[in-house]
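What follows is the residue order along each chain.
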Amino acid sequence: MSFFHIAALLPLNTLGHYIHWRWIDISVANFVVIVLMIVTFIGALLAPFPGRRRRKEQQ
Amino acid sequence: MSTDIDRQWTTRLRRRALKLLPPEKIMPDTQPTYVSSWIYVFGVTTMAALAVVIASGCLLALRGPQWWHTSSVGLFVNSLHLWSVEIFFFAMVIHLWGKYFMAAWRGGRALTWITGVVTFVVSVATAFTGYLSQSNFDSQWISTQAKDGINATGGGAYWNVLNMGQMLMWHIVLLPLAVVALVALHVLLVRIKGVVPPFEEPAKIRVGQ
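Quick mapping for you: the protein sequence lines, in order, are chains F and H. Here the first sequence is numbered in my numbering, starting from 2 and rising by one per residue. Here the second sequence is numbered in my numbering, starting from 1070 and rising by one per residue.
Be careful, since some hints might not be right.
[Claimed, not checked] Pairwise CB distance ranges, derived in the manner of DEER restraints: (1) VAL1142/H <-> HIS18/F: 41 to 47 Å; (2) ALA30/F <-> VAL1142/H: 24 to 30 Å; (3) PRO51/F <-> ASP1075/H: 28 to 34 Å; (4) ALA1194/H <-> ASN31/F: 16 to 22 Å; (5) ALA30/F <-> LEU1082/H: 30 to 36 Å.
It is worth saying that the hints were derived from the structure and are not from the lab. From the three backbone atoms N, C-alpha and C, an ideal C-beta is built for every residue, glycine too.
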């Protein structure tokens, strides 16, 4: 399977999809990235950091 | 009594630099417990992505637009350049959000915060000139749309987004130099001032205290 066959699985040569809500006008791709960033940010705050408890006990 | 060597600007500069940033401070063996946070991992991810951005950008500069638009390796390196920029901004914004809610400018760290924010703004300009330097219909569309916005600010007389040569030079020389210098300054300031402690700790805490 060539590079172009793999690329064809995800067609990027079509018109973009947009979300319209009142004055907000955003592409689906940008919206997905923003949602992913918010999810990652919350994850970064809540996920336990490896070895943190051990370091705290050592101090 | 000071000798001629003591008065040399190189001697004075070295002594001043060593006083400000002794080796144990510039590369500390330990950090306070509160530095064990994913927010700083995103700061380091930003720098790692920047290294890939610069390396892939150097490869693109070596071979030129025909290569990155037509050959499979060129397309791959072009995509690597784009996606490392995506990761750069993704990680940078998460790091910035985290530092904002930690009020990272506390305890005399205003300049650390400011260099971070200015790096973000300069990076946006670098990415923008990158879009203009693609040499395809996308860059034509973006430049013709952006010229009206830039002209409305009066900046168009000095910074012409339709001038491909000027935008390419800004993208591959001036702005990357500024980003790297700002990131280096930001990291040095983190080393000098230390990472901001949590709200319950005194804000003046520095590395090694």
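Hint check results:
1. VAL1142/H <-> HIS18/F: 41 to 47 Å: Distance hint for VAL1142/H, HIS18/F is violated at roughly 31 Å.
2. ALA30/F <-> VAL1142/H: 24 to 30 Å: Given range 24 to 30 Å: holds, Cβ gap about 26 Å.
3. PRO51/F <-> ASP1075/H: 28 to 34 Å: violated (49 Å)
4. ALA1194/H <-> ASN31/F: 16 to 22 Å: holds (19 Å)
5. ALA30/F <-> LEU1082/H: 30 to 36 Å: violated (49 Å)
Of the hints listed earlier, those the structure fails to meet are numbers 1, 3, 5, in rising order.
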